[in-house]
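Those sequence lines, one after another, are chains A, B, C and D. The numbers in this note's numbering rise by one with no breaks, and the one at position 59 of the first sequence is 59. The numbers in this note's numbering rise by one with no breaks, and the one at position 106 of the second sequence is 106. The numbers in this note's numbering rise by one with no breaks, and the one at position 47 of the third sequence is 47. The numbers in this note's numbering rise by one with no breaks, and the one at position 26 of the fourth sequence is 26.
Hints listed in this document are in silico derivations from the structure and should not be mistaken for laboratory results. Remember, predicted model here, so these are calculated numbers, not experimental data. Take the hints with a grain of salt, since some may be wrong.
[Said to hold, decoys possible] Lysine to aspartate or glutamate pairs mimicking EDC-like chemistry, simulated, CA-CA at most 20 Å apart:
| # | chain 1 | residue 1 | chain 2 | residue 2 |
| --- | --- | --- | --- | --- |
| 1 | A | 153 | A | 5 |
| 2 | B | 153 | B | 3 |
| 3 | C | 153 | C | 3 |
| 4 | C | 153 | C | 33 |
| 5 | B | 7 | C | 46 |
| 6 | A | 7 | A | 57 |
| 7 | A | 7 | B | 46 |
| 8 | A | 7 | D | 11 |
| 9 | C | 7 | C | 156 |
| 10 | C | 7 | B | 11 |
| 11 | D | 7 | A | 46 |
| 12 | A | 7 | A | 63 |
| 13 | A | 7 | B | 11 |
| 14 | B | 7 | A | 16 |
| 15 | B | 153 | B | 63 |
| 16 | B | 129 | B | 57 |
| 17 | C | 7 | D | 46 |
| 18 | B | 7 | A | 63 |
| 19 | C | 7 | D | 11 |
| 20 | C | 153 | C | 31 |
| 21 | D | 153 | D | 33 |
| 22 | A | 153 | A | 33 |
| 23 | A | 7 | D | 16 |
| 24 | C | 7 | C | 63 |
| 25 | C | 7 | B | 16 |
| 26 | B | 7 | B | 156 |
| 27 | D | 7 | A | 11 |
| 28 | D | 7 | C | 16 |
| 29 | D | 7 | C | 11 |
| 30 | D | 129 | D | 99 |
| 31 | B | 153 | B | 33 |
| 32 | B | 7 | C | 11 |
[Said to hold, decoys possible] If the Cβ cut is set under 8 Å, some of the chain A residues that face chain B in the computed set are:
| # | residue |
| --- | --- |
| 33 | 104 |
| 34 | 163 |
| 35 | 167 |
[To be verified] Here chain A is said to cover these stretches of chain B; the calculated rule only asks that three of the stretch's residues, wherever they fall, bring their Cβ under 8 Å from a Cβ of chain A:
| # | region |
| --- | --- |
| 36 | 20 to 30 |
| 37 | 82 to 93 |
C-beta atoms are modelled at their ideal positions from N, C-alpha and C, and glycine is treated no differently.
Protein chains: 4
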Amino acid sequence: MLDQEFKRIGDRLFSEGLVGANFGNMSVRAEGEAGFRITRTGAYLDSGEMPVFVPYEGNAPPEASSEYRVHRAVYRATPHRAIVHAHPVHAVAASLDLEVIRPADSEGRLLCPEIPVVTGEPGTDEIAKNVAEALFRGNIVMVRGHGTFAAGKTLDEAYIYTSIAEYACRILILSGRLRGVA
Amino acid sequence: MLDQEFKRIGDRLFSEGLVGANFGNMSVRAEGEAGFRITRTGAYLDSGEMPVFVPYEGNAPPEASSEYRVHRAVYRATPHRAIVHAHPVHAVAASLDLEVIRPADSEGRLLCPEIPVVTGEPGTDEIAKNVAEALFRGNIVMVRGHGTFAAGKTLDEAYIYTSIAEYACRILILSGRLRGVA
Amino acid sequence: MLDQEFKRIGDRLFSEGLVGANFGNMSVRAEGEAGFRITRTGAYLDSGEMPVFVPYEGNAPPEASSEYRVHRAVYRATPHRAIVHAHPVHAVAASLDLEVIRPADSEGRLLCPEIPVVTGEPGTDEIAKNVAEALFRGNIVMVRGHGTFAAGKTLDEAYIYTSIAEYACRILILSGRLRGVA
Amino acid sequence: MLDQEFKRIGDRLFSEGLVGANFGNMSVRAEGEAGFRITRTGAYLDSGEMPVFVPYEGNAPPEASSEYRVHRAVYRATPHRAIVHAHPVHAVAASLDLEVIRPADSEGRLLCPEIPVVTGEPGTDEIAKNVAEALFRGNIVMVRGHGTFAAGKTLDEAYIYTSIAEYACRILILSGRLRGVA
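Whenever a hint applies, use it, and build me the whole structure from the sequences.
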């Protein structure tokens, strides 16, 4: 079940160009257990491999995605039940020069009128703390030069926020608004 | 039958990048009934789910796309038999700064030489009225910052107009003509 | 056989984004007959429908692509055995402002160092004459604002020239060389 | 086995847009033999055709990719076990005007902070020598105006470096940094 659900969302992330190669990762809270299930380190998101259990505290198994610390921090600080981390190219390009991304399209303005851009190198406590704080207040955050972290009740919801953010940034870039937003 | 027809067009809309995530919707007039069938609210257009009947007057079922008001206004005001609403990124980008989109490519100049850009927030009477008026006079209209509504005798025809409009806007943007058109 | 060959190339044209909707057409010379087989009018190039026979002289059947006149003129004036007409967006954008397209990438410089840009409205004798003259001297030509006509010994060869031309124009546009080429 | 492995990576290269038409080639060292297996000349990388054995010295069979000389030079000069040569459009565009490509995104900065750009016409000793020297010091190199050569322990690793380089160049171009990098 869960592997098929991960594959279904992974296929959508690939076909929309929101991830490439073996980048990105996803997780869901484990029902009735003190932890969550996350994609494997180095896995292609469309591989259909069974995700790995990581507890909220203590050691994570070595086959878990190396970004499990960010996911753990989000589950500990927020009520979200699923997380998608992707590398959408227009959103990452926009994040390099903006402090906050303000969509100009109607869906973006309605659903994420201000997408915060935070900093932090992959694997550090800084990125975990900054992402968790931002996702306590909303459904999506950009890590500058790195990618999106989106969260929600389901993987579908987290994927949809990812898609909306990338779409909003494509509109900003294509319409020549990139530099005027911040 | 109808669910397969919706899926066939939904697959094309996705593979050409004319919609992403669970955005966009489609409908066709119901044969011999006073209403139309429309995709479900929140559905992926490539899901193959059975569309939902909405009458020309009175309440719509809660599972109908929340943009059924626009579709209803078009069916009441025009002879069109099918509608596709999509979110093509180049067309939406172009719509932000133009009052009318004038294609520079031969198909666009032949089939939709002047694509009107109207305003209106999703879900309002204003958008329904503006889209219906524009589709009374033609096959496609842009809602600024939101997306295309295309109509015709069949879903294929509405999809083809959607594709033509997006293609025309890509040409305008890639050739540096975006600002000189209005 | 022939329908599968057309479908195989049609699928590649779609997946590389060289055509959209029901645009573009393809043909091959008929072995041992005074004519060629061409895709149907209004057909999706990935449909797998059986192409239609058109004689070198006299009436064409109404189900043949409306651009059969261009294909006929090429077969009468050149030794090519297959033709692909596509609408690649970067090549069409580049054609609007150039008299000749000069690729900057190594494949383009090797295989089509000067891609001529000709004029002519779809369906006219002018476009048929201009395309046939250009394909007498080479494997690919641009019709300004309209699309590519590529020809060769096989559909594969014609498709490959189409792909090379679009790739070359993407490089010119992405590297900021578009205006400096003519 | 090996044909399926080549097809799996070929499919990924196509679906990410890293190659088009019949361009690009791949190879792996042959286990326990003095040579390597490379894709066939003119083959589509997603064709699933069985690759061809080429010895480290002496004649190559005529059905081997015409770029076997570059692959041979890399295997003779480095410990890499697999090579992917692709034509990613943003990376090739960036290579035209840069001496070295410096990614601005976090994966690029971590995994290939300086991608060298070398020169050489396809099929020459110059390109073979320049690529082998660069891959002795790293996992990826750009040949100006031509494409990427990436190498690693497996085809997956070489493909992933190809994807990272193209992604990095898309970010540079989309964010307006292209000219400021060299």
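Structure-based check of each hint:
no.	hint	result
1	153(A) / 5(A)	holds (14 Å)
2	153(B) / 3(B)	holds (18 Å)
3	153(C) / 3(C)	holds (18 Å)
4	153(C) / 33(C)	holds (17 Å)
5	7(B) / 46(C)	holds (16 Å)
6	7(A) / 57(A)	violated (27 Å)
7	7(A) / 46(B)	holds (16 Å)
8	7(A) / 11(D)	holds (17 Å)
9	7(C) / 156(C)	holds (12 Å)
10	7(C) / 11(B)	holds (17 Å)
11	7(D) / 46(A)	holds (16 Å)
12	7(A) / 63(A)	holds (18 Å)
13	7(A) / 11(B)	holds (18 Å)
14	7(B) / 16(A)	holds (17 Å)
15	153(B) / 63(B)	violated (25 Å)
16	129(B) / 57(B)	holds (15 Å)
17	7(C) / 46(D)	holds (16 Å)
18	7(B) / 63(A)	violated (38 Å)
19	7(C) / 11(D)	holds (18 Å)
20	153(C) / 31(C)	holds (13 Å)
21	153(D) / 33(D)	holds (17 Å)
22	153(A) / 33(A)	holds (17 Å)
23	7(A) / 16(D)	holds (17 Å)
24	7(C) / 63(C)	holds (18 Å)
25	7(C) / 16(B)	holds (17 Å)
26	7(B) / 156(B)	holds (12 Å)
27	7(D) / 11(A)	holds (18 Å)
28	7(D) / 16(C)	holds (17 Å)
29	7(D) / 11(C)	holds (17 Å)
30	129(D) / 99(D)	holds (17 Å)
31	153(B) / 33(B)	holds (17 Å)
32	7(B) / 11(C)	holds (18 Å)
33	104	holds (6 Å)
34	163	holds (4 Å)
35	167	holds (6 Å)
36	20 to 30	holds (count 4)
37	82 to 93	holds (count 5)
Checked against the numbered hints given earlier, the structure breaks hints 6, 15 and 18 and satisfies all the rest.
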